[in-house]
Amino acid sequence: MEIIMSILAGFLFTVGLYLILTKNLIRIIIGSSVLSHGAHLLLLTMAGLKTGAPPLLGLEADTYVDPLPQALILTAIVISFGVTSFILVLGYRTYKVTGAAETDQLRGTDTDE
Amino acid sequence: MTEIVDWIVALLALFGAAFSIISAVGLLRLPDIFTRSHAATKAATLGVLCVVLGAFLFFMVHTQTFSLRFVLTLVFVFVTAPVGGHLIARAAYNAGVPLAEGSSQDALSRSREENRHYNEEKNDNDQ
Amino acid sequence: MKYNDIILQTVTKFISFLIFLFAVYIFFNGHQEPGGGFIGGLMTSAVLVLLLLAFDMETVRRALPIDYKLMTAIGLVFAVGTGVGSFFFSVPFLSQTFGYFHFPVLGELELTTTLAFDLGVYLVVIGTAMTIIQTIGEDK
Amino acid sequence: MSNWLILPVLVPLIAGIVALFFPKHVTAQRTWAFITSLILIGVNIFLLTYILSNGIMTLELGGWEAPFGIVLVGDSLAVLLTTTTALVALPIIYFSFSTIGVEREKYYYYAFFQFLISGVSGAFLTGDIFNLFVCFEVLLLASYALIGHGGTKTQLKESFNYVIVNVVSSAFFVIGVAYLYAVTGTLNMAQLSERVGEAGSEPIITVIAILFLIVFGLKGALFPLYFWLPGSYSVPPTAIGAIFAALLTKVGIYSIFRTYSVIFNEDTAITHTILLVLSAVTMIIGVIGAIAYRDVKLILVYNVIVAVGFILFGVASLNSDAFVGAIYYLLHDIVIKAALFLIIGALITAAGTSKLSGMGGMIKHHPLLTWMFFIAALALAGVPPLGGFPGKLMLVVGGAEAGHYIVVAVMMVASLLVLYSVIRIFLQGFLGEPMLTHAEQHGSIKAQMPPIVFLVALSAFMGFGAEIMYPFVESAAETLVNPRAYVEAVLGGNS
Amino acid sequence: MILNAIYITAATLVTISILATLYRVFKGPSMPDRVIALDVIGIQLISLTALFCIILNTRAFIEVMLLLAILAFIGTVAFAKYIEKGVVIEHDRDS
Amino acid sequence: MFTILHLAIIAPFLAAVLVPLLYKFIPRIHTGWFVLIVPIILFSYFLSYLPEVSGTGSVMKTFEWIPSLGINYIAYVDGLGLLFALLITGIGALVVLYSIYYLDKHKEQLNNFYTYLLLFMGAMLGLTLSDNLIVLYTFWEITSISSFLLISYWYTKEKSRYGALKSLLITVMGGFALLVGFVLIASVTGTYSIRGILEASDQLADSPLFLPAMLLILLGAFTKSAQFPFHIWLPDAMEAPTPVSAYLHSATMVKAGIYLVARMTPLFAVSAYWFWLVTGFGLLTLIWGSLSAIRQTDLKGILAYSTVSQLGMILSMLGAGAAALHYDSIDNNAYTIAVAAAIFHLINHATYKGSLFMMVGIIDHETGTRDIRRLGGLMTLMPISFTIAVIGGFSMAGLPPFNGFLSKEMFFMSMVEITHFPQYSVDSIGILLPIVAWTASIFTFVYCMMLVFRTFTGKLQKEKLPTKPHEAPFGMLLSPLILVALVVFIGFFPNTLVPTIIEPAMASIMPELAQTGSFGVDIYFWHGFSLELFMTIGVVLLGTAIFLALQKWNKMHVIFPENRLFNQAYNRSLEGLDRSSHALMSWHMTGLVRDYFIYIFSFTVVLLLFSLFGTGAFTIDVENMVPVSPYEAILSLVLVGSSLILMFTRSRLKAVISLGALGYTVALFFVLFRAPDLALTQLTIETVSVTLFLLCFYHFPQIFDALKETKFHAVNFVISATVGLTVTLIGLSASGTRLFPAISDYFLENSYKEAGGNNVVNVILVDFRGFDTLLEILVLAIASLGVYSLIKLRLAGGENK
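In order, the protein sequences belong to chains A, B, C, D, E and F. Here the first sequence is numbered in full-length UniProt numbering, starting from 1 and rising by one per residue. Here the second sequence is numbered in full-length UniProt numbering, starting from 1 and rising by one per residue. Here the third sequence is numbered in full-length UniProt numbering, starting from 1 and rising by one per residue. Here the fourth sequence is numbered in full-length UniProt numbering, starting from 1 and rising by one per residue. Here the fifth sequence is numbered in full-length UniProt numbering, starting from 1 and rising by one per residue. Here the sixth sequence is numbered in full-length UniProt numbering, starting from 1 and rising by one per residue.
Watch out, some of these pointers could steer you wrong.
To be verified - Only pairs whose alpha carbons sit at most 20 Å apart, straight line, appear in this in silico PhoX-like list of lysine-lysine: (1) D:K364 - F:K792; (2) D:K106 - D:K24; (3) F:K792 - D:K106; (4) D:K446 - D:K364; (5) F:K157 - F:K24; (6) D:K24 - F:K792; (7) D:K364 - F:K462; (8) F:K157 - F:K107; (9) F:K105 - D:K364; (10) D:K364 - F:K157; (11) D:K364 - F:K24; (12) F:K107 - F:K24.
Said to hold, decoys possible - Estimated spans, in silico, between C-beta atoms of each pair: (13) E:M1 - D:G197: 46 to 52 Å; (14) E:P29 - D:R30: 57 to 63 Å; (15) D:F21 - F:R650: 43 to 49 Å.
Derived by calculation from the structure, the hints in this document are not laboratory data. Bear in mind that the values here come from a model prediction, so they are computed numbers and not experimental data. Glycine residues also receive a C-beta, built at the ideal position from the N, C-alpha and C atoms.
With the rest of the complex left out, here is chain A (with noise of 0.2 Å):
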């Protein structure tokens, strides 16, 4: 299973990683989206997929999964949930104000005034 999710993990990177290299502002920010989900199963993975009962000790098992890369994974898909819609937000008043909805058209920076 670990093999599978690293493969995986680095599969959501490859496509991330695709749709940030195109230019279009849109699949940018959709692609940065994709990334973070990989970072998130691949931080879950190297935690160790043990198996366990999930970390609610009233389930009262004998084993429980790590539950330190739960919470950790938890505060990061927070945090790139707050990077995400500022990054469309951003996205869509770059396109307003400059009329680029393409990254090629964001060059030049001494074009104001």
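With chain A fixed as given, assemble chains B, C, D, E and F onto it according to the hints.
Chains B, C, D, E and F alone, transformed into the frame defined by chain A:
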């Protein structure tokens, strides 16, 4: 007792899975959006009903807990699935998605004419 | 022509109340079962989003006149406040404590300072999600 | 007592939160920001002196013992940096009063600013690698908000690139943490240090070290990861550009300092060679950039990159002299970059353009500004006895000690070209035929002078008063050379 | 043991149907088709989660099921409104 | 301790701070008068040191500045230092006096001028009176900078700025070399104190760093002293006001290099490289400078090249003097004469060159031009100036009875003497040395004659002069008159200088020899019909011939075409640097974020894969892995499928739908891996995000729907796939190398006991790692406020439509 329930649960699970498959096949094979919507909502809800019921029984027997949340889930699915199906179908119709070729009549054709101007998002519909 | 979303709106009225209760439940139960401030907050925002979807910005605003930016700030105050308290008790920053109290009607209940912290999280999450959605929605 | 250690993070945090409640009262916002920055400086200086006499200070947040909870570690290096941060924040805030514009001030400018400071201080203090990530996100989000703040065309053009690059680097940060956790099973830097030490020269750790180098290099604008920097630092208003140039890359560099001295100190052959080569190339590419452009902002921005190379050269040299040099340089660079950005901001205000070709003879109407720039430029190039010198000297000493003569030579050439690049601004912008008569001046810069003078004086103090700073710098370098003390302070030496 | 095998088979079947539904998301041809497919995926996910609960013998995911039900609905509504009107949240419906 | 000596040294700096105030508040009095006090007081103060340092004495006062870095301000007055201190303050006083008349108080920005000048004076004093190398270096850089400021004093002139930049770049380059050289020395000897280093000189001599350190220090000295080929900055520095030239280029700035060479002689003179480099470059500069001087038409240009040339001469003498250090005692050590000659000439050069510069300044001031093609016949109009010019010029040419003659004789003598030196193969090729010296002297004679006669004799061309020429006011003539008086005085009574100044200075240069007795220097006009005398006569005869011939042809440029090789090299390299760096930058800084990512990812991948396989870190550990269930495999396919849709879709709505599907699948994976909280969060966030995407789509344009240019991009794919592969490989290796147990058991154990929570993940979030969460909600808050201000705050310069 537990054994029997377990078998029932297994059976329910299989049924649910079968419904699920049916709905998926329906979704794949049926000719247009409206018929597909039918397959989706009907079959899937039934599938979910079976499986969740199974789980409900399973835990009732194994952990002696009666979890209201299973029921709540079912209620939710049953309340929302038709509304969702309705909304999409209406949206599809208003967005001008064509009916299957064999459809005999389009009951809402007049209202569709009136709604032309809402269809600016054509590009969303595949090329 | 206008669409009437009677079906949607009726269902929403019913459902959103249920979800909200569920969200509050999940929030309070977060220390023992899956849930907590984040999920509770997000679910509450989901309710609000549903309301916005079914009705419209103005209607919802009239029904719930909340400044979500302020809500975010208040949430932060809650979260930071539990930490600042530690200065007065000379325990490390953000130390949380809990105890079991007996209440007349409810019986034995656990009360923790983390609840205040989590409430902060809850408020911030709602505030954030709704500020974002509202500002985008309002943008012409 | 140890709770004091949270204050460098908490003070700006609370300041920012409180500022959220009255966004439209500009005067109140200003006063509040100013007062809290003053408090922040006081707190930091107190901590600094306290640490110097009592040794490394730790704060186990929430009262959870060290490897399990999050621990803040205040060693000299960290607190020196937070202090410098506070010292730079104050003048920049003051500078903002007159330059940033009331509109921006009404839209949470000071709150973002304070959150940025909070995140930066947190990144300096934290002793937990994941918490470092979170602190990074705080400062990044604040920087995203600031870089696009106001939403002018140029700003938006660059902010998107900036944000997306940092999003990618954050993703890499997360997977770096993931790998590290897989191999070592912990997040606490002190315990990481121990465990990596026990593991010996495990090759996978080297790979992870390099991944972290890339992640921090991206934040720190190391070659070849600096591409995002020039655009994004040159577009926002001066005050924002100043705080970015002063602090943001430094956080990345600090993280390299920290991780490479505390955690990845076992197998240095590969990592530090890479670091050495990269630092040299970074210097070169930075000066090339600084020379290539005729836009004052861009010239300065590329100088930010040069400094990155200089400082990392100290890390790559791996001896205590080099570390002393790197820390001196790092601290001074924070101050001088802020100063130069503010000066350039005032210059642009006065000249109405950022192009060198459009300005000249500023000395005629703005002699004080001229001399401030001149001194700052010399300090930047490391001309004694100004503030840049002790750092540069010790870097050379350390580099020579380590036998990296070629890089020392590169560094000297780079310094010369740095001087060339800024002196050109002086010659064309400040000297030369005045382009504008007094009546044509584009705006008064009187209100902008106090922070500039303060920062330049601070920079000069860092040169003349190098002796006063030395004990702090030395003990900071000590923790880098010998991370044992750090580990023991955190883990209590018993685990 | 055989029970477990049955559960796993059921789970596998449901996953296969998800995969099939995903094909509909991919294929379209119209946007509402995709949305319907997504809605179905949501519902199938509920089934799958319930099966996981059984397989893993844990009650931990009941909330997940409930949430899936809620969110699938919200998602569907949002998509439907978007397709129909181009705008998800109206500013003021009465004006 | 901070003593009066320290105070004296930095006094000019303190005065420099006062100057702007004086200028501002007492505008009626020429600021120069106030400034004049400083060098006069200092001069008399340093005179008081004469008795103390006579012989081998010295005074040392330590002020601890940055002791931790080994930087102490040690003021050290010995013969050499005092000589310079007196020159600096003495000539300084005269220059200030001169400038009071030269610079108009209404037209000039005197505050700037005197601030720079005082800065410079202080720097020179500090430089020559410091025992600590770093402090010396500090002052060294300040001289470069203040001379930069002085040269660019008339800042509106393009040429001033050009000259200033040139001198700054060249001298600072030398300065940096010097710094590294000092550091190298200190890394061997462990101290920055010159005293200490001299004591450890044996240690240094054996070190492999000896040669690099020496070369670096020489580079510093040569650039400062305008030695070939670094002399190019000096002629351009003539753009400075003439008092500045008189000061910097006669007595101070350029002599700093000489000072350094003299200072370092005891340390490095044991090396053959030192001998040949110093002597060789000195002579090369001497001849190059004198040849170049002839080509000049600008009076100051002539003086500039003459300075270059004379400096070369002094340096060559110092180089030759290195031979003396190969002997243990003064007896039978004929080479000490070279050192004596060097010091003597140093003083002489300061006197006559100072007066000549001032004379040129007067001419410039009174006639409005310095071009010798327009000048001529001023003798009758400006008799006093003419006298000054004659004395100064003849002294420079080496004619009796002036001091220049004496030192020139000694120069010849030492050059002849050095050919007898038995080492370094001087006996074979050394014969070149006197020949070069002699040839150069001929040209020196020629340009001196040009200077004097082309200006003052011949026909007066009034129509070519911008202003009507007349003699300068007395105040302006005073300083040069004092200097020429010195020229004459020293010429007649050279031996007054010997015990007071020359011998103590020699003792500093040759400290070990000085221990063995007196140098016994005796300078006199007539020492029989020696070789030197014939050399001088030859110089005069041939020089006169050439001068007259040149006079007749008047086309010296035909014989000596203007050679601007090194200037062009400098200009071209700066231009080239500018252009190529611009080209390089615009080539790779395309402004396109995709390109940047390509660079970044390529770099990342190369580095990571290299280290992964290079160090043998790659392992796969199949042992401890969790088995795969069929539905897990299929679920993975779902994930792959939905991301593939994302990758190739052309419709943004399709993209968002599949993004939603992807997110839901990820949530399901969280369920699979027993993370209920994660699954819940992921689901809600995914839904809210999808809503957000849909909301934002309203604001994106219609054309945006069909995502343009979606054709498969092979390069992008290869790069992203490699990154993905790397991530996978490292992931496999990392999960295959679990070295330690995770710390998480603690959380499981203590979650209920200590924190009262059963949901460990939640307890970690709000309690164990509550700080993370605190900052995390801060992130959220910033994001929302950021979004708010992005949308609501629209400043001018935004919004296209």
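How the hints compare with the structure:
1. Proposed proximity of K364 of chain D and K792 of chain F is contradicted: the alpha carbons are some 41 Å apart, above 20 Å.
2. Using a Cα cut-off of 20 Å, the hinted pair K106 of chain D and K24 of chain D holds, with the two alpha carbons roughly 5 Å apart.
3. Restraint check for K792 of chain F and K106 of chain D: the C-alpha separation of about 11 Å stays at or below 20 Å, so the hint holds.
4. Restraint check for K446 of chain D and K364 of chain D: the C-alpha separation of about 15 Å stays at or below 20 Å, so the hint holds.
5. Of the pairs offered as hints, the one joining K157 of chain F and K24 of chain F is violated, with about 25 Å between alpha carbons and a cut-off of 20 Å exceeded.
6. Between K24 of chain D and K792 of chain F the alpha-carbon distance is near 13 Å, which keeps this suggested pair within the 20 Å criterion.
7. Annotation: proposed proximity of K364 of chain D to K462 of chain F is violated, straight-line Cα distance about 36 Å (limit 20 Å).
8. Distance hint between K157 of chain F and K107 of chain F is fulfilled; the C-alpha atoms sit about 15 Å from each other, no more than 20 Å.
9. A C-alpha spacing of about 17 Å is found between K105 of chain F and K364 of chain D, which places the hinted pair at or below 20 Å, so the restraint holds.
10. Using a Cα cut-off of 20 Å, the hinted pair K364 of chain D and K157 of chain F holds, with the two alpha carbons roughly 14 Å apart.
11. For the hint linking K364 of chain D to K24 of chain F, the alpha-carbon distance of about 15 Å falls within 20 Å, and the restraint holds.
12. At roughly 14 Å between alpha-carbon atoms, K107 of chain F and K24 of chain F fall within 20 Å of each other, so this suggested pair holds.
13. Checking the proposed 46 to 52 Å range against M1 of chain E and G197 of chain D shows it holds: the Cβ atoms sit about 47 Å from each other.
14. The supplied range of 57 to 63 Å is met by P29 of chain E and R30 of chain D, whose beta-carbon atoms lie about 59 Å from each other.
15. Checked against the given bound of 43 to 49 Å, the beta carbons of F21 of chain D and R650 of chain F, roughly 47 Å apart, stay inside it.
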